[in-house]
Amino acid sequence: MALDKATVARIATLARIKVPEADRDALGHELNNILHWVEQLDEVDTADVPPMASVVHLTQPLRDDVVTDGARADDVLKNAPGAAHGFFTVPKVIE
Amino acid sequence: MVELTDLTLAAARAGLDAREFSAVELTKAHIAAMDQARALNAFITETPDLALERAAESDARLAKGEGGVLEGLPIAIKDLFCTKGVLTTAGSHILDGFKPPYESTVTSKLWAAGAVGLGKLNLDEFAMGSANITSYYGPVINPWTPHAGAARGPLVPGGSSGGSAAAVAARIALAATGTDTGGSIRQPASFCGIVGIKPTYGRVSRWGVVAFASSLDQAGPMTRTVEDAAIMLGVMAGHDPKDSTSAPMPVPDFRAALTGDIRGLKIGIPREYRVDNMPVEIDRLWQQGIEWLRAAGAEPVEISLPMTKYALPVYYIIAPAEASANLARYDGVKFGLRVPGASLDEMYENTRAAGFGAEVKRRVLIGTYVLSAGYYDAYYLKAQRIRTLIARDFEAAFQKVDAILTPTAPSAAFAIGEKMDDPLAMYLNDVFTVPVNLAGLPGLSVPAGLSADGLPLGLQVIGRAFDEATVLRVGGVLETAAAFTATPARRG
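Heads up: the protein sequence lines correspond to chains Z and C, in order. For the first sequence, numbering that gives the first Met the number 0 assigns the number 0 to the initial residue and increments by one for each residue that follows. For the second sequence, numbering that gives the first Met the number 0 assigns the number 0 to the initial residue and increments by one for each residue that follows.
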């Protein structure tokens, strides 16, 4: 499976990383090398092997459904590049 | 008298108790070392004023006969741990100016035990790298220099905890925290001639540690002795309800495990770790390690871990996949860098294009691809199935042996600039450490000898899940036998 320019553009959009047109060939080449290398995994028969779900055999704990934290809007907004009236600000999304 | 900066955690703590020096004196000595060693670029943020304040508080507690396990001991923190009110960058441009409003569980525990923080240590961006060359804040320089005649430029300290390893080796900090996703504690420990342990997955809380690959990440101590690693791990470890993958298990007294007695222990020697092109001196050191353990009464047993060769490709699917999800939060809205755009999407794309470095982008894009519709089964599920097989290899081996001995890395430290154009060559650094993360097991690197060029080489001890005690005990025996006393030439 080779990554062409169009595929690089598509995954860059999915990942929300701007990749200039001029860089797409070189990047596709780099990613292809890595993908080609990982494809050696195809030689392993995994027909009856379950995918790993958890690396240590522990039961996931259940928490009581209660509020343990909150009311810290100022802390949450302290690092925001843009904030106003207790909210994050972003470019206009509604026309 | 011994230089204060040459002390171990254990010796410095005893010296404070015996009033041989104060915590402020100890801290000032390390701040002076930090000033002198700035050319190593080990720190991203130095906090000398905060350190002196805390040291004075430690002295007050010590004067009252109080004081925790690490009271008054100057250490430094990999800049992947969130520290309240102190810049936390993960080595990335995208976290510009981020001052967390909370403290990570690990650093909270260290401060509660009395440790004095000297500052935040440089690392590969988002802990992605094996040479500490991907940091937005520039490369870290290894304090070790090769023998004359082996003329090369400055060496890498390994990565991603390169600043941690360099600071501990160069006597800037008595110890440091590291994190290890595929070898990021053990490989730099090996490259810099220090001790580092990656605990069992779940042993140490990940809460407040900037996430790279959540099913693989573990924090651990980087120190100059195995005893110090045992002491510091004892402080860092323990159940944390804030991390649902943290194990609700008691923390044993790791220091008490260092009995030096390994008689009757079976030590596995995996034949698949004899990789092609491994330098002769590393194979020789490995054989020497086997002999040391045999001489101490352990029984070496050849074992097979047949899936070893697939560990790296499995890792380079799973780790980027998890990273692509974890790094989705860096969007220019909630914290850090924002690069404007005409629309919300363009603002995201511009911010992430400017904020992430080349290696991080490469991994996020690979991760996005292997998780995308149509490829998820072929890549991601396939890798998770083989991960099961890798873990089974270790489970089978631990039916027969109590610990496993391998080299830590396939080479000594290399020069800054080498292996830069070929991501795959760089990835091979972690060939012996990655399987341990995939199986969630504890792994320790102990400095065991020098290369022909005069550079440190480490041996790795791998143990059963939650059996750090045996790993440290075996490591302690290797440490005693190796009597590694060499120190790096460069302190600045």
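Warning: the hint list may mix true and false statements.
To be verified - The calculated lysine-lysine pairs, modelled on DSS-like cross-linking and capped at a C-alpha distance of 30 Å, are: (1) Z:91 <-> C:333; (2) Z:4 <-> Z:77; (3) Z:17 <-> C:98; (4) C:98 <-> Z:4.
Hints in this document: simulated from the structure, not taken from any laboratory.
Quiz item: For the pair supplied as a hint, residue 4 of chain Z and residue 77 of chain Z, is the alpha-carbon distance within the 30 Å limit?
Solution: 40 Å, violated
Quiz prompt | Pair hint outcome, residue 91 of chain Z versus residue 333 of chain C [Cα-Cα no greater than 30 Å] | solution = 16 Å, holds
Self-check item: 30 Å limit on alpha-carbon distance, applied to hinted pair residue 98 of chain C and residue 4 of chain Z
Solution: The hint is violated at about 39 Å.
Quiz prompt | Restraint check for residue 17 of chain Z with residue 98 of chain C, where alpha carbons must lie at most 30 Å apart | solution = The given pair, whose Cα atoms are some 27 Å apart, holds under the 30 Å limit.
Hints 2 and 4 from the list above are not met by this structure, while the remaining hints are.
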